[in-house]
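Engineer: Chains A and B, in that order, are what the protein sequence lines are.
Just so you know, the first sequence maps onto residues 180 to 386 in the working numbering.
Just so you know, the second sequence maps onto residues 180 to 386 in the working numbering.
Hints in this document: simulated from the structure, not taken from any laboratory.
Even glycine gets a Cβ: it sits at the ideal position worked out from N, Cα and C.
Hints may be right or wrong, so weigh each one.
Unchecked claim - Far from chain B, by Cβ distances over 12 Å, these chain A residues were calculated: (1) Q218; (2) T226; (3) T237; (4) E263; (5) A274; (6) F278; (7) G282; (8) G290; (9) P292; (10) E299; (11) A329; (12) A339; (13) V344; (14) G347; (15) D373.
Unchecked claim - Derived list of chain A stretches under chain B, where covered just means 3 residues or more per stretch with a C-beta under 8 Å from a C-beta of chain B: (16) 209-215; (17) 363-372.
As the list claims (entries may be wrong) - The calculated label-pair distances, taken between Cβ atoms and stated as ranges, are: (18) B:E197 with A:R259: 36 to 42 Å; (19) A:A327 with B:H288: 27 to 33 Å; (20) B:M229 with A:S304: 30 to 36 Å; (21) A:R209 with B:A230: 54 to 60 Å; (22) A:G330 with B:Q359: 18 to 24 Å; (23) B:K192 with A:Q374: 32 to 38 Å; (24) B:S304 with A:Q374: 24 to 30 Å.
Protein chains: 2
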Amino acid sequence: MTSTARRPGRVAKLPPRERILDAAEELFQREGIRRVGVQAIADRAETTKMAIYRHFETKDALVAEWLRIVAADYQAAFDRAEAEHPGRPREQILALARFIAEGLPAISHRGCPFINSLAELPDRSHPARQVIEKHKAHQTRRLVGMCAEAGLPDPEQTAAMITFVLEGAQVSTQNGSIDQTGDRLMRIVETILDQHRSPAGAPRTTA
Amino acid sequence: MTSTARRPGRVAKLPPRERILDAAEELFQREGIRRVGVQAIADRAETTKMAIYRHFETKDALVAEWLRIVAADYQAAFDRAEAEHPGRPREQILALARFIAEGLPAISHRGCPFINSLAELPDRSHPARQVIEKHKAHQTRRLVGMCAEAGLPDPEQTAAMITFVLEGAQVSTQNGSIDQTGDRLMRIVETILDQHRSPAGAPRTTA
DNA sequence: TCCGTTCGATACCGCTCGGTATCGTCCGGT
DNA sequence: ACCGGACGATACCGAGCGGTATCGAACGGA
Numbered sequence: 180m181t182s183t184a185r186r187p188g189r190v191a192k193l194p195p196r197e198r199i200l201d202a203a204e205e206l207f208q209r210e211g212i213r214r215v216g217v218q219a220i221a222d223r224a225e226t227t228k229m230a231i232y233r234h235f236e237t238k239d240a241l242v243a244e245w246l247r248i249v250a251a252d253y254q255a256a257f258d259r260a261e262a263e264h265p266g267r268p269r270e271q272i273l274a275l276a277r278f279i280a281e282g283l284p285a286i287s288h289r290g291c292p293f294i295n296s297l298a299e300l301p302d303r304s305h306p307a308r309q310v311i312e313k314h315k316a317h318q319t320r321r322l323v324g325m326c327a328e329a330g331l332p333d334p335e336q337t338a339a340m341i342t343f344v345l346e347g348a349q350v351s352t353q354n355g356s357i358d359q360t361g362d363r364l365m366r367i368v369e370t371i372l373d374q375h376r377s378p379a380g381a382p383r384t385t386a
Numbered sequence: 180m181t182s183t184a185r186r187p188g189r190v191a192k193l194p195p196r197e198r199i200l201d202a203a204e205e206l207f208q209r210e211g212i213r214r215v216g217v218q219a220i221a222d223r224a225e226t227t228k229m230a231i232y233r234h235f236e237t238k239d240a241l242v243a244e245w246l247r248i249v250a251a252d253y254q255a256a257f258d259r260a261e262a263e264h265p266g267r268p269r270e271q272i273l274a275l276a277r278f279i280a281e282g283l284p285a286i287s288h289r290g291c292p293f294i295n296s297l298a299e300l301p302d303r304s305h306p307a308r309q310v311i312e313k314h315k316a317h318q319t320r321r322l323v324g325m326c327a328e329a330g331l332p333d334p335e336q337t338a339a340m341i342t343f344v345l346e347g348a349q350v351s352t353q354n355g356s357i358d359q360t361g362d363r364l365m366r367i368v369e370t371i372l373d374q375h376r377s378p379a380g381a382p383r384t385t386a
């Protein structure tokens, strides 16, 4: 919003903080948190280490901020699902699954940022861990809500099932064939939703 | 085999190579691969770095060997499931799920070694990656075979579903409450198996 | 116009890492 | 009795890490 690039030097350049976060997002996702040094982030952001430490207290704080942004992306997907299918929780859940399924090829050979970060940060007191846990709790709450609204019996159980499937799919993307994974995921979620279908349910749109 | 401890110094001590692998297993699982230095492994194995490098070319080779052992444990679980329930594929799959579910508290706050290692080793040419991929392929093949034998329609799809659920459960163990996760997992797998039950199926044993 | 802040560049610090070299010692096979 | 190989201890190397200090230049608001 407002004035993005305050004065483009030669090419249109974002302010340093944004460039740093963009570079961090790219590198953390592709190489992992611990493999990426602060210097590498600075290089990719076309700035210096000092600039990074002017905007972020420590590298850990930068990691946490990155995950906060990723979490916001997922939240936005929830918002979109609700906005595009108001009052139709099944379609909302399917839209969510589609968001994950379509994201799989982009993530390609690296899995979910949250799962990977959990593996790389065993220390539960790490600031990024709190971001992850809060996000997961929030996401679970929303998903359980959707399941309940859809009239599914035992919404918590079903939400857990869907969560497991979504996370498992993202993990499995790192091995083997990616092409099938997306389709498989969608079919699985459809199966779960159809299984406890309400008697007067609308016919499925998907083939 | 043969004479394990060739001459216990004071307490019965395994030979260095075994001690090293034991220490590595413990530390890699608890702290992660990249967080654990060779020196730390040596200390815990009550030996020295030099001894480690006499038995393993590099740290990466040690990591690969560790994962090879873990993979063998999982294979043994498959073997046991088949041996204890011969000709009853549904019971075999449930035994497998129980193996994972019961392992969750032990893994406690660290997830599946394979998943974590994938996150920590983005380099697909890493020797450990080949171990993981081969193991996953083997495991999938066996699970698909069980599903086919159980007469489930589209065994590949069902096997993928079960795989996703198992992996998702292990991932979710790292957050939130562990207690429920095991029970939830079992109920989910039961649901999957019951869903496409053969017409003349035996009554379920679980409530 | 001037002043405070930010930016970029470079050099530096202490630490840990994976891996190597060296040397004395112990132990088992012949 | 001997000898070769594994073992234990220690010191070391180069590289990379997260984080800091310093200094000049550019820029925006008053």
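Engineer: Against each hint, give a clear statement of whether it holds in the structure.
Structural biologist: Evaluation of the provided hints:
no. : hint                           : verdict
1   : Q218                           : holds, 18 Å
2   : T226                           : holds, 24 Å
3   : T237                           : holds, 17 Å
4   : E263                           : holds, 25 Å
5   : A274                           : holds, 19 Å
6   : F278                           : holds, 16 Å
7   : G282                           : holds, 15 Å
8   : G290                           : violated, 7 Å
9   : P292                           : violated, 10 Å
10  : E299                           : violated, 6 Å
11  : A329                           : holds, 17 Å
12  : A339                           : violated, 5 Å
13  : V344                           : violated, 5 Å
14  : G347                           : violated, 3 Å
15  : D373                           : violated, 10 Å
16  : 209-215                        : holds (count 5)
17  : 363-372                        : holds (count 5)
18  : B:E197 with A:R259: 36 to 42 Å : violated, 54 Å
19  : A:A327 with B:H288: 27 to 33 Å : holds, 29 Å
20  : B:M229 with A:S304: 30 to 36 Å : holds, 35 Å
21  : A:R209 with B:A230: 54 to 60 Å : violated, 36 Å
22  : A:G330 with B:Q359: 18 to 24 Å : holds, 23 Å
23  : B:K192 with A:Q374: 32 to 38 Å : violated, 55 Å
24  : B:S304 with A:Q374: 24 to 30 Å : violated, 42 Å
Violation of the numbered hints given earlier is confined to hints 8, 9, 10, 12, 13, 14, 15, 18, 21, 23, 24; the remaining hints are satisfied by the structure.
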